[in-house]
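Between the sequences and the hints, there should be enough to build the whole structure, so can you do that?
Protein chains in written order, with the numbering used here: chain Y, 5 to 256; chain R, 5 to 256; chain E, 5 to 256; chain X, 5 to 256; chain U, 5 to 256; chain L, 5 to 256.
Mixed in with the good hints, there may be bad ones.
To be verified - Between beta-carbon pairs, the in silico distance windows are:
hint, chain 1, residue 1, chain 2, residue 2, range
1, X, 254, U, 16, 40 to 50 angstroms
2, R, 154, L, 9, 16 to 26 angstroms
3, X, 136, Y, 205, 28 to 38 angstroms
4, E, 209, Y, 18, 54 to 64 angstroms
5, U, 102, Y, 136, 24 to 34 angstroms
6, X, 136, Y, 104, 58 to 68 angstroms
7, X, 135, R, 140, 32 to 42 angstroms
8, X, 129, Y, 154, 17 to 27 angstroms
9, X, 230, L, 9, 45 to 55 angstroms
10, U, 186, Y, 15, 20 to 30 angstroms
11, X, 155, L, 254, 30 to 40 angstroms
12, E, 254, U, 103, 49 to 59 angstroms
13, L, 18, E, 230, 46 to 56 angstroms
14, L, 254, X, 158, 54 to 64 angstroms
What the hints assert, rightly or not - Heads up, incomplete: computed chain E residues facing chain L, CB under 8 angstroms, no partners named:
hint, residue
15, 49
16, 50
17, 51
18, 52
19, 56
20, 77
21, 78
22, 98
23, 99
24, 102
25, 103
26, 178
27, 182
Please keep in mind that the hints were generated in silico from the structure rather than gathered at the bench. Glycine included, each C-beta is placed from N, C-alpha and C at the ideal position.
There are 6 protein chains.
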Amino acid sequence: MSANTLQERLRAGQHCVNGWLTLPSPFVAETMAQAGWDSLTIDLQHGLQDYASAVALIQALQRYAVVPLVRVPSNEPGVIGKVLDAGAWGVICPMINTVQEARAFARACHYPPLGSRSYGPIRARSYGGKQPYHEIANDQMLVLAQIETREAVEHAADILEVPGISGIYIGPNDLGLSLGLPPTLDREDPEILAIYSRLLTETRRRGRVAGIHNAAPAYATRMIAMGFQLVTVASDLGLLAGAARQTVESMR
Amino acid sequence: MSANTLQERLRAGQHCVNGWLTLPSPFVAETMAQAGWDSLTIDLQHGLQDYASAVALIQALQRYAVVPLVRVPSNEPGVIGKVLDAGAWGVICPMINTVQEARAFARACHYPPLGSRSYGPIRARSYGGKQPYHEIANDQMLVLAQIETREAVEHAADILEVPGISGIYIGPNDLGLSLGLPPTLDREDPEILAIYSRLLTETRRRGRVAGIHNAAPAYATRMIAMGFQLVTVASDLGLLAGAARQTVESMR
Amino acid sequence: MSANTLQERLRAGQHCVNGWLTLPSPFVAETMAQAGWDSLTIDLQHGLQDYASAVALIQALQRYAVVPLVRVPSNEPGVIGKVLDAGAWGVICPMINTVQEARAFARACHYPPLGSRSYGPIRARSYGGKQPYHEIANDQMLVLAQIETREAVEHAADILEVPGISGIYIGPNDLGLSLGLPPTLDREDPEILAIYSRLLTETRRRGRVAGIHNAAPAYATRMIAMGFQLVTVASDLGLLAGAARQTVESMR
Amino acid sequence: MSANTLQERLRAGQHCVNGWLTLPSPFVAETMAQAGWDSLTIDLQHGLQDYASAVALIQALQRYAVVPLVRVPSNEPGVIGKVLDAGAWGVICPMINTVQEARAFARACHYPPLGSRSYGPIRARSYGGKQPYHEIANDQMLVLAQIETREAVEHAADILEVPGISGIYIGPNDLGLSLGLPPTLDREDPEILAIYSRLLTETRRRGRVAGIHNAAPAYATRMIAMGFQLVTVASDLGLLAGAARQTVESMR
Amino acid sequence: MSANTLQERLRAGQHCVNGWLTLPSPFVAETMAQAGWDSLTIDLQHGLQDYASAVALIQALQRYAVVPLVRVPSNEPGVIGKVLDAGAWGVICPMINTVQEARAFARACHYPPLGSRSYGPIRARSYGGKQPYHEIANDQMLVLAQIETREAVEHAADILEVPGISGIYIGPNDLGLSLGLPPTLDREDPEILAIYSRLLTETRRRGRVAGIHNAAPAYATRMIAMGFQLVTVASDLGLLAGAARQTVESMR
Amino acid sequence: MSANTLQERLRAGQHCVNGWLTLPSPFVAETMAQAGWDSLTIDLQHGLQDYASAVALIQALQRYAVVPLVRVPSNEPGVIGKVLDAGAWGVICPMINTVQEARAFARACHYPPLGSRSYGPIRARSYGGKQPYHEIANDQMLVLAQIETREAVEHAADILEVPGISGIYIGPNDLGLSLGLPPTLDREDPEILAIYSRLLTETRRRGRVAGIHNAAPAYATRMIAMGFQLVTVASDLGLLAGAARQTVESMR
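Quick look at the structure:
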């Protein structure tokens, strides 16, 4: 998939079902792609991925109608530039807690004058059809700031104002920890659901995208109903571990 | 796991639940191991594995109470020796159709005088506790001839007589193709179930092990009831693909 | 490319321009694919490829309209099965000198009843659209016997009669060596051009495919005019080495 | 080894013998582990390791009774989080020269409220037995600030006060360079031995751990006597190079 | 090549022809080396390289009379130290826009007292002949600040004054973008040529080195005439892509 | 080292000190090379090597004055051709027990008319200086048949007569096993020493090379005195394991 159909869907107001790739295996990525996700996010933060595996996974994914995103390990322009050059159509950056951090992140994702991304789209160059890649990249790139601390929630409205930020992506595990709660997904804590609600309001007001990390289809479906447009439903690892456990248990 | 507990269980008449590793990812292997299989077979024939991935997977598995087996791509002594030296506690060899092929396979798996395996157990050496590895290897090694053609079925009784062959492992896909039937697992063709029955009789008569490749717990459970001791129930790939498909479908 | 468009073109009597992949780098393969070859052959014999790199290259190629072929290192059914399962749409096997060797090669490439290929198309499974892969594979697979010794030339007519052999592929380097001549491509030795002519006659008579390995477009074009349908024109390595040498020389 | 027995030993006042892994080879790590070290440190700074090799080494080590530590290349939260998630039970961070740097390092190593480590212990999750990993991680993690400049020595007392810092680890090469002396280990410079003495006093006063990098058993033994609890004695590379040189010399 | 002959040539006032390595394949590097470049730069910023591939490429290059340089992805001391320890004889750092950034870069490249590079030249140690590596490294290392924004041009004179900076390297793509022009190499924009001229004057005045990235021999030759000493003429990727395209086109 | 200086030394009647590479790490190979061995043998049979690691090791070795040899896993022409093309200057083939096997081995190692090696020396091509590689390869290649069974001893004289076989290499472990003795190196069994003596006589009579695998310098020195020209003294693995064990023991 060399066009960012995810961006098109989001701009059309549709929701998108995202899968999570933690396993550094291109064939795992192909197998996930065959299941029909709208996008697949290669996780360089908590997944077992590194830059080399990200490249191999993006290559393997491009036979399929799925959009490759990357979550980077930290807000470091070197790695952000590298995954964009390799062909990611979007980046999720963890721990964007302040406007300054959001600005640095946006700069790293966009060519001048919007940002300061360095030119050299070694694989992404081939995405440009009639137009050169660098003329479409800033418009097409999905740039999601991960909101996952109390501090980030406080600054979320301002973060959403930063030019070049497409939207936010909520990390429920870390948000819980930051608030003194255990790290889990698919949360029912009223305090946290209230935060989700406020963040959705702020996002909608600015016409930006809100995404959230979930652990199961039922909860993800609720989150879509609540207003989230980009919902992660499962990871390769979680799907495999769950299915393997069930199978062995059914034999005992 | 540095002792061949699978061999012990089989000799004690217990059945064993085997998983199948087709993905060349050590962390997939760890994830599978955590599900509690008795053994896991690294598939160098139809899986995406090669020797280097087999070594990495065996290393990753050895923290867990699971016995590593390998299916080799063909009856070639070079690769058989290499996976044994790397620490496989058993080998499944595809397409053993004749007694001559079974003898060559058994020779490749055992040290003299039983066979002609060359000495140099680079990783397996550490399996020897009080006794040196080469003194226990011939006794502990699980050597399974894959029966998967009409010709193999005809020669199965003689194959089971070959010294150093621990038993047989049925490949239903290829057995079907060989008989002019489509390639599937968990078969209900009366002709094939009759073959299973005869093969079990021949195996039991000689106190050897019978194994079979299956696609689902229910059928595998039937096979145990029928007399198979080693049942493969699922592969990493099948589990992942199935769970991913279900999850995406539940979101549409 | 998940359909074997090369097979279609050859059956329609068209010629095909093939490139050669010796470098175990998926991005080299992508770069070659962008140049517009009809097919690209991953060379596991003299190239620096192995099975793992072949898988990565096939994955990288499948975004492009190019058909992946593999040259295997020798006539060994284990490796032939593995590259077909990984998604090669054709195999070139070196040093097919006798009818017996051609039969063994054809058996390894085809499912029963035509051959004895074992079932388990781990990646190739996805090539089947409406029809299952195993129902189209025997018909679609391109199976080319490399003719590159005096002995092979003598047996070529009989080799072309072997069911499941799609045609022949000439290796001018080794053919030269076998005849006491230096190893070169794009040969002008009358003795060898006469051999080409005879081989083309035998191939055409049986409606099979004739291919040949060349080093430059001009000679490859002559070979098309002579009747060869599949012409290899250049390798990634040769193209890179030539361009680098020219560039440095132009700076001195 | 999924419990941090090193932490237990250190808290019980015992000394620990640490080996150093510079070679990105899981089997080198296994070979080192079989020698009986208390802990092995994977060196991502000056060793030839990267994140991918660190994961493979930790996987290979976990069959053995040895605790895996990692030295990171710099005080960057992305890589620190990644090696902890992969299963390191401790981190040594080079060039901690100021209290600010020590605080940033401690934050990266611990979950809230002590720090700001992001949740997602992809491999380390399996370390939790009865208790979830995130409830034991902050207590169990060994967080060592490398003291290796004049500036660091000046700030060492304050660095040792930083919550979440377990102790210090002395780098004699860089400490020498920083003081205008040549880079060597096992130093006899009175000035430097006096620094060691002062650092030990500061460490002991606060009940923290002091470690040091050495090149030979005799000197390491002196350092234990002097009060260091964690002594690195040799690296895989040094051991191999020394033994190879001796062997070849004995043949000349 | 274990001596920095590039440094010698530059100090002797000679120009140097540099090639660019974007493909993470050691044999591509060998093939490039055989073409006779003075130096080859492994690109970790926009190339598909990472640290592991850089090590493999440097190892492969050292049989040849070519000097290995590295362009790092960003001004981060961890990765700079790692590539120097692996054996790079020079580093190009992108986006050096201010004197502060230049100072941090220079510190990361040099041992005290000039900088704060940490000692541990795991592979580079072997470069020292009679003198230990750490005694020659600061003098021999080529440290090039990439000038590629309007801001960098303004500060270039001061950047050239920073001790430990060997010179500058111009990135025409990003310089263009920064000035509101399209990203291309081999530029003819009068505004940019005037900048080149000013930068050359500032560099010459201080006896430093000026380098520039080009796309073709003719333009690179002009740049030498203009005063640039280090000219990059082509990349492995560009050479391969161009030669492949021409070859296929000549067959259509 | 691109000339086969080992072959020169052996023809001059000198003995050669060989090291053994079992660890698939190019930097281990470099470290071994720095110790000064005459040759280093990459072990694809019992070592953890495969073809890809062999290529990387040969690349890393070629900066040093050491000759790369390979022991292949079995007498299979595919892998023999591949390691020669990659740049091995000699091959040791295990389990050459008969003249037929020796002939097949010799054919696989040499170009016509001496053998049937296929042309395509992808890396080795660069070894040719003034003369093309294929004109020197047959003369320069060291082709050693491993004698390690009772059967091989019986046929050794005839094996030594096979054109293209350079000599023999004794495997004491397997020779012991074949004779009903335990597998060890550096043997004192009179029966085996008598075999060594007879084999040396047969080898010397024909002007061929005799080599032997040893575990320690003292025994290897005795073997040189006895008449062996190529003595393996130690492996990377054995050196590392021994040195690590001694170091840890000296700390307990």
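Do the hints match the structure? See the list:
Taken as a hint, the range 40 to 50 angstroms holds for the pair residue 254/X and residue 16/U, whose Cβ atoms sit roughly 45 angstroms apart. Between residue 154/R and residue 9/L the beta carbon distance is about 57 angstroms. The supplied range of 16 to 26 angstroms is therefore violated. Residue 136/X and residue 205/Y have their C-beta atoms about 33 angstroms apart, which keeps the hinted 28 to 38 angstroms range intact. The hinted window of 54 to 64 angstroms between residue 209/E and residue 18/Y holds, with their beta carbons roughly 59 angstroms apart.
The hinted window of 24 to 34 angstroms between residue 102/U and residue 136/Y holds, with their beta carbons roughly 30 angstroms apart. In this structure the hint that residue 136/X and residue 104/Y lie 58 to 68 angstroms apart at CB is violated, the actual value being about 34 angstroms. Range check, residue 135/X to residue 140/R: about 38 angstroms between beta-carbon atoms, so the 32 to 42 angstroms window is met. Between residue 129/X and residue 154/Y the beta carbon distance is about 24 angstroms. The supplied range of 17 to 27 angstroms therefore holds.
A C-beta distance of roughly 50 angstroms is found between residue 230/X and residue 9/L, which places it inside the suggested range of 45 to 55 angstroms. A beta carbon spacing of about 26 angstroms between residue 186/U and residue 15/Y agrees with the range 20 to 30 angstroms that was offered as a hint. Range check, residue 155/X to residue 254/L: about 35 angstroms between beta-carbon atoms, so the 30 to 40 angstroms window is met. As the Cβ distance of residue 254/E to residue 103/U is approximately 38 angstroms, the hint placing it in 49 to 59 angstroms is violated.
Range check, residue 18/L to residue 230/E: about 54 angstroms between beta-carbon atoms, so the 46 to 56 angstroms window is met. About 35 angstroms separates the C-beta atoms of residue 254/L and residue 158/X, a value inconsistent with the hinted range of 54 to 64 angstroms. Taking 8 angstroms as the C-beta contact cut-off toward chain L, the hint placing residue 49/E at the interface holds, the least distance being around 7 angstroms. Because the smallest distance between the Cβ of residue 50/E and any Cβ of chain L comes to about 3 angstroms, under 8 angstroms, the interface hint for this residue holds.
Because the closest C-beta pair between residue 51/E and chain L is about 7 angstroms apart, less than 8 angstroms, the hint holds. The beta carbon of residue 52/E is positioned within 8 angstroms of a beta carbon in chain L (closest approach about 6 angstroms), and the interface hint is therefore held. Taking 8 angstroms as the C-beta contact cut-off toward chain L, the hint placing residue 56/E at the interface holds, the least distance being around 7 angstroms. Taken as an interface hint, residue 77/E checks out: its beta carbon lies about 3 angstroms from the nearest beta carbon of chain L, inside 8 angstroms.
Below 8 angstroms, beta-carbon pairs count as interface contacts, and residue 78/E has one with chain L at about 3 angstroms; its hint therefore holds. Hint status for residue 98/E relative to chain L: holds, with the closest Cβ pair at about 6 angstroms, below 8 angstroms. For the restraint placing residue 99/E at the interface with chain L, the shortest Cβ-Cβ distance is roughly 6 angstroms, inside the 8 angstroms limit, so the hint holds. With a least beta-carbon distance of about 13 angstroms to chain L, the hint placing residue 102/E at the interface is violated under the 8 angstroms criterion.
Restraint check, residue 103/E versus chain L: the minimum CB separation of about 18 angstroms is more than 8 angstroms; hint violated. Using the Cβ-Cβ criterion of 8 angstroms, the hint placing residue 178/E at the interface with chain L is satisfied: the shortest such distance is roughly 5 angstroms. Interface hint at residue 182/E: satisfied, since its Cβ lies 6 angstroms from the closest Cβ of chain L, which is below the 8 angstroms cut-off.
Violated hints, in rising order: 2, 6, 12, 14, 24 and 25; the structure is consistent with all others.
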